[in-house]
Every structure is written in structure tokens, then in C-alpha cells.
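Based on the hints, put chain Y in the right spot on chain B.
Number of protein chains: 2
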Amino acid sequence: MPKLWDDSIATHRHAVRTATLDATAALVAERGLTGVTMSEVAKRAGVGRATLYKYFPDVESILTAWHERQVGDHLRQLTGIWTDTGRLEAVLEAYAFICHEHPSSEPAASLHRSEHVARAQEHLVDFLAGLMLDVRDDVPPKELAAYCVYALGAAGAVPSKAAVRRLVAVVLSGLRGEAGR
Amino acid sequence: MPKLWDDSIATHRHAVRTATLDATAALVAERGLTGVTMSEVAKRAGVGRATLYKYFPDVESILTAWHERQVGDHLRQLTGIWTDTGRLEAVLEAYAFICHEHPSSEPAASLHRSEHVARAQEHLVDFLAGLMLDVRDDVPPKELAAYCVYALGAAGAVPSKAAVRRLVAVVLSGLRGEAGR
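Protein sequences, first through last, are from chains B and Y. Residue numbering for the first sequence follows UniProt numbering, beginning at 1 and increasing consecutively. Residue numbering for the second sequence follows UniProt numbering, beginning at 1 and increasing consecutively.
In isolation and in its complexed conformation, chain B is listed as follows (with noise of 0.2 Å):
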């Protein structure tokens, strides 16, 4: 097959994805995850049904690629963030009103793909652990990105910005403070 061929449908696969979990983001945000059918996915996309399937067999497939692609979105935001500031309290800020917006017991539970959210999980601890180097020598850096992921996952039980705001000051807190203080 001529290379021309090739990115064509590469361009087209690209295109048809792109589409797909941009319907899915927008049914998703109207719907809920349970208001995602694969005709309505289609129709919002504008592709034909037969070639959605042909990229995603189910709605299922469809929602983890959606998750994944939104959770690559987040971490490259925090990455940024990272590179901008150098700050640990901007990134875990960041992450806390991004838990607030997508409060992570609707994706977690209705998914119910807990080998992929878990994994998404390990990515968001890897990257947290490496800002952790220099902050309390008594506990390991990764099991410090894991207590600011979970505790943080409460901005999306909380009410208010003020009240994330808080709870990022008391995470904060934890991660200065010393042991058996």
C-alpha cells in the first residue's frame, strides 16, 4: 500500500476517535454514564454505526478510552503546572479542583473497570511521587503521592471552592508535619 494510503486512513482513524469520545464527553456531561448508547454516539459523532463498531465493540470500550484520554488530559495539566511553578502546593491544588469537577465515585464505580482506573490511579501516584523527594524524610515518596491522591479524591465530597481550598491546606499540612508530633 502506497505511504499515501496509509496516513490517509491513519488521518481518518484519528479523525473518527476524536469525534467518538468528543460525543461521549458531551453525552457523558448531559447524560451521565449511563445515558451513553453506542446510536447516540454515532449520531453526536456523525459516523456511520457500522464504523463506530468497527473501532469500539461496545459502549464499555468506548467510555475507557474516554476516561483514559481525560486522565492523560489531567496529568499533561498537571505536568504544566509542574514546568511553570515548581510549586507542589499549584500541582496539588490543581489536582484537588480537578477531583471537585469530576467527583471520582461516578467514573470509579459506574465504570466498573477497576483494573483501568486503577492503573490511570498508578500513573497520577508515579508522577506525584517524583515532587515528593524533599518533603518528609520518615515516609517514602510514593506512599506521600498516594495519601495526596486519595485525600484529595475528598474535593469531590466536599461543597464549596473555600472548602477545597481547606482541604488542600490540611493535605498540606500532613505532608510538612512530623511523625509522632
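Read the hints as simulated data drawn from the structure, not as lab findings. Careful: at least some of the hints might be erroneous.
A pair holds if it fits inside one copy or across any two, identical chains being indistinguishable in the list.
[To be verified] Using 20 Å as the maximum straight-line C-alpha spacing, the simulated SDA-like pairs for lysine to any residue come out as follows:
hint, residue 1, residue 2
1, 161, 140
2, 142, 160
3, 142, 90
4, 142, 163
5, 161, 141
6, 43, 12
7, 161, 137
8, 142, 161
9, 142, 156
10, 142, 159
11, 43, 32
12, 161, 98
13, 142, 162
Just chain Y now, with coordinates in the frame of chain B:
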């Protein structure tokens, strides 16, 4: 119906329920949540399938009842520790070890009864909020309690009992620290 008959029905109902949930606990421990079937539960509990279906329409309803009983047991355990010791540290450490032994992702993800799991978590947050009255006055007790429940959930993701104790120390630092310090 005579009272004696009523009592005997209630006793029978209670016995079936207890046997069912005990059998479910054993099956979950052996095979995980997805390994529980109506036939296996009936066999293990020593009740007929028809009897089982009279009390529980499906596996989901059994798992929900089992989870509710388990959460109730844990809450009673934590309340007992508080009554006996009056030490918040002891309550939080006990809860951390509960999370370590029952990693939350598993039931939360597979039961996908988010309202049910959310309600169970609310009871726990309310209980802990009652113990947070003198902790730090810049954050409402309920937010501190949510912080503890989420942060201690990380105990399900850490590899050792020593790591659980380090996590509890970090969480306590968060409770004791002062914001903006």
C-alpha cells in the same frame, strides 16, 4: 396469627439472612465479588434456592446486604474503640487497618451501587465529624472527617502494616497542622 408463630417466622427469617450473609462473606473471601452466584450462596448457606429467592431477588441485593452488614460491623467496632479509649488516633488507626484489609476499590467498583456505597460512607463521615470538634478550628469538622476517610482509604493501596502506620501519622499531621503554616 398467634404471637408464637410470628416469633418463629421472624427467627427463621433472621437465621436465613445470617446464614446467607455468612456464606456470601466466605465466597467473597475465596473468589472475590464476581465469584458469588445464587446457587453457590444457597448451597453454602444450607438453604433451598427457592427460600433464598424469597429473601433476596438477586446477587446484587445479597452483596448490598452483605456490604451493609460489614459497614455496620466496622462502625460498631470504631465506636467501641472511641468509647474505650477516647483517642482519635486509635479510631483512625483502626479505620486505616480496616481499609488495608478491605481495599475500597474492589467493593466500590464491582458493586456499582454508588448511592448505597455513598450512604455508607456518609455514616462514617458523620461519626468521625463528631470526634473532630476540638481538632483545628479553621476547617469544619465534617470536612476534616471527609479528609480522614478519603486519606485513610490509601491504606488499601500501601503494601505493609508499617506503611499503614506511617499513613496514619501523616493524616494526623494534617489534622494537627495549621493552615498556611
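The hints, checked one at a time:
1. For a Cα distance limit of 20 Å, the shortest separation of residue 161 from residue 140 across copies, 14 Å, qualifies, whereas the shortest one inside one copy, 30 Å, does not.
2. Taking identical chains as interchangeable, the C-alpha atoms of residue 142 and residue 160 lie at most 20 Å apart only when they sit on different chains, with a minimum of 13 Å there against 29 Å within one chain.
3. Only within a single protomer do residue 142 and residue 90 lie at most 20 Å apart by alpha-carbon distance; the minimum there is 19 Å, versus 24 Å between protomers.
4. In the homo-oligomer, the alpha carbons of residue 142 and residue 163 lie at most 20 Å apart only across protomers (10 Å), although the nearest pairing inside one protomer, at 26 Å, exceeds that limit.
5. Proximity of residue 161 to residue 141 under the C-alpha cut-off of 20 Å is restricted to the inter-copy arrangement: shortest distance 17 Å between copies versus 28 Å within a copy.
6. For the homomeric pair residue 43 and residue 12, the shortest alpha-carbon distance inside one copy (17 Å) is at most 20 Å, but the shortest distance between copies (54 Å) is not.
7. Proximity of residue 161 and residue 137 under a CA criterion of 20 Å is satisfied inter-copy only: 18 Å between copies versus 31 Å inside one chain copy.
8. In this assembly of identical chains, the alpha carbons of residue 142 and residue 161 lie at most 20 Å apart only when taken from different copies (15 Å versus 27 Å within one copy).
9. In this assembly of identical chains, the alpha carbons of residue 142 and residue 156 lie at most 20 Å apart only when taken from different copies (14 Å versus 22 Å within one copy).
10. Taking the shortest alpha-carbon separations for residue 142 and residue 159, only the inter-copy value of 11 Å comes in at or below 20 Å, while the best intra-copy value is 29 Å.
11. In this assembly of identical chains, the alpha carbons of residue 43 and residue 32 lie at most 20 Å apart only when taken from the same copy (17 Å versus 39 Å across copies).
12. Taking identical chains as interchangeable, the C-alpha atoms of residue 161 and residue 98 lie at most 20 Å apart only when both belong to the same chain, with a minimum of 11 Å there against 31 Å between chains.
13. In this assembly of identical chains, residue 142 and residue 162 lie within 20 Å of each other by CA distance solely across copies; the values are 14 Å between and 28 Å within a copy.
Hint check: no violations occur; every hint is consistent with the structure.
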